[in-house]
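There are 2 protein chains.
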Amino acid sequence: MTRLLRTQGVTAPAGFRATGIAAGIKASGALDLALVFNEGPDHAAAGVFTRNKVKAAPVLWSQQVLTAGRLRAVVLNSGGANACTGPGGFQDTHATAEAVAAALSDWGTETGAIEVAVCSTGLIGDRLPMEKVLAGVKEIVHEMAGGLTGGEEAARAIMTTDTVPKQAALHHQDKWTVGGMAKGAGMLAPSLATMLSVITTDAVADVAALQRALEHAASRTFDRLDIDGSCSTNDTVLLLASGASEITPSQDDLDDAVLQVCDDLCIQLQADAEGVTKRIVIEVTGAATEDDALTAARVVARDSLVKTALFGSDPNWGRVLAAVGMAPVDLDPERITVSFNGFPVCVDGAGAPGARQVDLSGDDITVTVALGVGSASAEVRTTDLSHAYVEENSAYSS
Amino acid sequence: MTRLLRTQGVTAPAGFRATGIAAGIKASGALDLALVFNEGPDHAAAGVFTRNKVKAAPVLWSQQVLTAGRLRAVVLNSGGANACTGPGGFQDTHATAEAVAAALSDWGTETGAIEVAVCSTGLIGDRLPMEKVLAGVKEIVHEMAGGLTGGEEAARAIMTTDTVPKQAALHHQDKWTVGGMAKGAGMLAPSLATMLSVITTDAVADVAALQRALEHAASRTFDRLDIDGSCSTNDTVLLLASGASEITPSQDDLDDAVLQVCDDLCIQLQADAEGVTKRIVIEVTGAATEDDALTAARVVARDSLVKTALFGSDPNWGRVLAAVGMAPVDLDPERITVSFNGFPVCVDGAGAPGARQVDLSGDDITVTVALGVGSASAEVRTTDLSHAYVEENSAYSS
Numbered sequence: 001m002t003r004l005l006r007t008q009g010v011t012a013p014a015g016f017r018a019t020g021i022a023a024g025i026k027a028s029g030a031l032d033l034a035l036v037f038n039e040g041p042d043h044a045a046a047g048v049f050t051r052n053k054v055k056a057a058p059v060l061w062s063q064q065v066l067t068a069g070r071l072r073a074v075v076l077n078s079g080g081a082n083a084c085t086g087p088g089g090f091q092d093t094h095a096t097a098e099a100v101a102a103a104l105s106d107w108g109t110e111t112g113a114i115e116v117a118v119c120s121t122g123l124i125g126d127r128l129p130m131e132k133v134l135a136g137v138k139e140i141v142h143e144m145a146g147g148l149t150g151g152e153e154a155a156r157a158i159m160t161t162d163t164v165p166k167q168a169a170l171h172h173q174d175k176w177t178v179g180g181m182a183k184g185a186g187m188l189a190p191s192l193a194t195m196l197s198v199i200t201t202d203a204v205a206d207v208a209a210l211q212r213a214l215e216h217a218a219s220r221t222f223d224r225l226d227i228d229g230s231c232s233t234n235d236t237v238l239l240l241a242s243g244a245s246e247i248t249p250s251q252d253d254l255d256d257a258v259l260q261v262c263d264d265l266c267i268q269l270q271a272d273a274e275g276v277t278k279r280i281v282i283e284v285t286g287a288a289t290e291d292d293a294l295t296a297a298r299v300v301a302r303d304s305l306v307k308t309a310l311f312g313s314d315p316n317w318g319r320v321l322a323a324v325g326m327a328p329v330d331l332d333p334e335r336i337t338v339s340f341n342g343f344p345v346c347v348d349g350a351g352a353p354g355a356r357q358v359d360l361s362g363d364d365i366t367v368t369v370a371l372g373v374g375s376a377s378a379e380v381r382t383t384d385l386s387h388a389y390v391e392e393n394s395a396y397s398s
Numbered sequence: 001m002t003r004l005l006r007t008q009g010v011t012a013p014a015g016f017r018a019t020g021i022a023a024g025i026k027a028s029g030a031l032d033l034a035l036v037f038n039e040g041p042d043h044a045a046a047g048v049f050t051r052n053k054v055k056a057a058p059v060l061w062s063q064q065v066l067t068a069g070r071l072r073a074v075v076l077n078s079g080g081a082n083a084c085t086g087p088g089g090f091q092d093t094h095a096t097a098e099a100v101a102a103a104l105s106d107w108g109t110e111t112g113a114i115e116v117a118v119c120s121t122g123l124i125g126d127r128l129p130m131e132k133v134l135a136g137v138k139e140i141v142h143e144m145a146g147g148l149t150g151g152e153e154a155a156r157a158i159m160t161t162d163t164v165p166k167q168a169a170l171h172h173q174d175k176w177t178v179g180g181m182a183k184g185a186g187m188l189a190p191s192l193a194t195m196l197s198v199i200t201t202d203a204v205a206d207v208a209a210l211q212r213a214l215e216h217a218a219s220r221t222f223d224r225l226d227i228d229g230s231c232s233t234n235d236t237v238l239l240l241a242s243g244a245s246e247i248t249p250s251q252d253d254l255d256d257a258v259l260q261v262c263d264d265l266c267i268q269l270q271a272d273a274e275g276v277t278k279r280i281v282i283e284v285t286g287a288a289t290e291d292d293a294l295t296a297a298r299v300v301a302r303d304s305l306v307k308t309a310l311f312g313s314d315p316n317w318g319r320v321l322a323a324v325g326m327a328p329v330d331l332d333p334e335r336i337t338v339s340f341n342g343f344p345v346c347v348d349g350a351g352a353p354g355a356r357q358v359d360l361s362g363d364d365i366t367v368t369v370a371l372g373v374g375s376a377s378a379e380v381r382t383t384d385l386s387h388a389y390v391e392e393n394s395a396y397s398s
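Keeping their order, the protein sequence lines are chains B and H. Just so you know, the working numbering puts the end of the first sequence at 398, numbered straight through with nothing missing. Just so you know, the working numbering puts the end of the second sequence at 398, numbered straight through with nothing missing.
In case anyone wonders, no lab produced these hints; they're calculated from the structure. A quick note: this is a predicted structure, and the numbers were derived from the prediction, not measured. One should not assume that every hint holds.
[What the hints assert, rightly or not] A short, non-exhaustive set of chain B residues, derived as facing chain H with CB atoms under 10 Å:
| # | residue |
| --- | --- |
| 1 | 51 |
| 2 | 52 |
| 3 | 84 |
| 4 | 130 |
| 5 | 135 |
| 6 | 139 |
| 7 | 142 |
| 8 | 145 |
| 9 | 146 |
| 10 | 307 |
| 11 | 317 |
| 12 | 349 |
| 13 | 354 |
| 14 | 384 |
| 15 | 390 |
| 16 | 391 |
[Stated by the list, open to error] Sample of chain H residues with no beta-carbon within 10 Å of chain B, all distances over it, derived:
| # | residue |
| --- | --- |
| 17 | 211 |
| 18 | 288 |
| 19 | 342 |
[Stated by the list, open to error] Pairs of lysine to aspartate or glutamate, DMTMM-like flavour, derived with a Cα cap of 20 Å:
| # | chain 1 | residue 1 | chain 2 | residue 2 |
| --- | --- | --- | --- | --- |
| 20 | H | 175 | H | 332 |
| 21 | B | 175 | B | 272 |
| 22 | H | 278 | B | 255 |
| 23 | H | 53 | B | 139 |
| 24 | H | 53 | B | 332 |
| 25 | H | 53 | B | 330 |
| 26 | B | 53 | H | 392 |
| 27 | B | 138 | B | 110 |
| 28 | H | 278 | H | 348 |
| 29 | B | 278 | H | 392 |
| 30 | B | 53 | H | 291 |
| 31 | H | 53 | B | 255 |
| 32 | B | 278 | H | 42 |
| 33 | B | 53 | H | 330 |
| 34 | H | 53 | B | 348 |
| 35 | B | 53 | H | 348 |
| 36 | H | 278 | B | 391 |
| 37 | B | 175 | B | 252 |
| 38 | H | 278 | H | 263 |
| 39 | B | 53 | H | 42 |
C-beta atoms are modelled at their ideal positions from N, C-alpha and C, and glycine is treated no differently.
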C-alpha cells in the first residue's frame, strides 16, 4: 500500500544521506548548514528555479550545474541569501561547491564542483561569512547519516522564519520512495516562493523523466501557493534520483508520487506561513480556460482587502467581487456566484440572503468564485493578512 | 498670480453651488449626501471611471449620462456603494437621478434625470435605504449654497474612512478657477481608487477640452496613487465647467490647472490613507519607456514585503530588488541602483556601504530605483503596510 508520512524526508529513499549542523552563519547558533548526498548508483537530477529576473548567486550556479543533469550533492545554508552580492557573491557560491566536492573526495567519493548544487536563504544583500561556511562544509561531510535523523536535521537547518521543519515521504507500494523537505514562510509567491525544497527518490529515472515529474508537480503545487504575491530571488526545487531501489516506475506513477510529496509540503508551508491565522483556498470554477481560472484565483488571493477581511472573519464578499473584476479574464459580472465554505453569499453578482451572517471564525476558509462562463477551474492556496504578518515583516533585517 | 488653496473646493469657481447633509444613510448620523450644482451658463462635463469589470450601478448610470457631455448636477452619497446590487440597485440610482431632476425643476431650474450624475461609496453589496435617499434629495436642493461653506460640507458628506475632507482650488491669474473635492482612503489603486472626485471650473471649455484635461490629469495623478493595489467598483472623477468666468483658457493652461488640483487632492488622499504611517514615493528612473517606469514603480509600490519593511523604518533594500525583478520590464539586475531618500543603498545590483544604517524614521520616504537601461521615469505614490491598515480593514463590514 502506498503511504505518505510527514515524519520522514530526504533520507527516506534508499541511497541518500543528509544532515544539518550549526556552522555559525546564524548569530543565534541555530542549525544553518545542510547537506543532501546522493550515494547512487544513479545521479540524475532536475530542478526548477525562481522566475525573478534578480537571481541570487546560488540560483545562477545551480542552474548552470543542472544543465549536466547530474548531481552528487546539494549544500544549503540559511542565515543569508547571497543575493545581490555582486561577482564576489558568485565566487562565494563557487567556492562553497568546490569545498563540498573536495570534502566528499577526501571522504572517499570522487566529486567535482560541477556535481554540487548550492541553495541559500535569508536576508538579501549581505555576503556570507565564508570562513564559517567553508569550515562547516568540511565538518558536515563527516556528520552525514543515512537514517531518518539526518533528513530531519537537514530540514531544520534550512529554516528561516519557519517555526517547524517540513518533510514528507511517499512509500510506493511497488517498493520505491520519494522523500522531500522544504522551507519557506513568507515571500511565497507566483513562481515558487522564498522556498527551497529538495526532493529525493530511489526510483530509477532519467533526467527527462525527473524534469517532467518536477515541472508537473511544481506547476500544480508550489506555483499555486501565494502568501503575499512576492517572489524570491532564491527559489529552488531540486529532484535527485539515486536509482537504489532498482525499480523504474511509469512516468505517471513518478509524476503522481512527486506531486503528492510536493502537495503535502505546500500544505505544510501554507500552515506555517508568516503571520497565518487562516488557511485559505481560493477556488475559481466555471472559467473559460484553466489559465483564466488560475489568473482569477491568484488576483483574489493577492488582494489585501480580501485578506484583511478574512483575518477579521468578515464575510465581506463585495471585496471578492471587486478583486475578481480586475482579473484580466473572461467574465460577466452578472453571472458571478461567490461562496464562503460552500455557503453562497453572492448569486449572479448580487448579495444572497444571510450573506453577512456566514460564520468564518474557523481556521480554514474556502472561497469559491463561480464565473459561469465555462467549465475550467483552478485553486490557489493563500493565507490571511494579519497583524502578525505585519509584525514579522516590519522587523526582519533590523 | 496663480494660487492653490486647500481651504476651498468645488464652490470656488463661479457658477457652482453645493452642500452636504445628513440624510440618515449612515447609521452614525454623519453627513452622507452631497450635491454639486452647475448654475451655468455652460453645462459641459467630462468623466473618467473605474476600469474594474464589476461596476457599481451609479458608475453604469453616470457613464451613460456622460455620453451627452452635459451635466447640471452631481449627487453623491456615502454609506453604501450600491455595487453588486442587481437590477434593483440600478433602478435605485435611476430613481435618485429622477428625484434630483424633479427637485431642481421644482426649485426653478428645469432639469432632466439625464443631466444628473450619481456617485456612491461605502460597503459593496447592500441596497441603499431609498426612502432616506429620496427624502434627502428633496431637502438638499434647498440647502445648496454658493459660498465656500457649501463646498466644504459636500466634501465632508462623501467621506467614508477618510478622517479629513479633501479640497483644493486653483485661482488662475487670468481670472478663472478650478476647484475640486475628493474622498478615498483605502482600495486606492490602479485605475483611480475607491475614490470619488468632483472637479469644477468656471472656465469656458467644450466637452473635448474637458475630457482631454481630465484624462491628462487623472493618468498622472489618481492613476499613480496606489495604496493597496485594490481597485474599487465605484471610482469616478467628474469635471464640470460652468463658463461663468467667460474666460477661455488655452488647452495647456486648462490641462495644467486641472492637473495641479488633481495632484494636490492625491497628496491629501495619500496622507489620509487607511493606516498610513509613512508617505512613500516610488520613483523609477533610467527605464526604457515611461510605461516600463510606471509598471516597475507600481510593482514595487504594491509589494507587501517592501511596504511592511518601510512601516518598520527598515532599509531592507533587498526587498526592493526582489520586487522590481518581477516587473515585466526591460532591466539588467547588475545595473540597478536603489536609493532611500537620496542615499544609495544598492549600486549596480549589490549593497552599498552604510546601507543598513540609513535612517528611515521620518514620515516621508522616497525610494528611487534607477534601472540604468534608458532615460524614462515615473513616480507612484503609496503608503506603508501597517498594523492600523490591517485593523481598519479587518473590521469594515462587521
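What are the numbers of the hints the structure violates, in ascending order? 4, 5, 6, 7, 8, 9, 13, 20, 21, 22, 23, 26, 28, 31, 32 and 39
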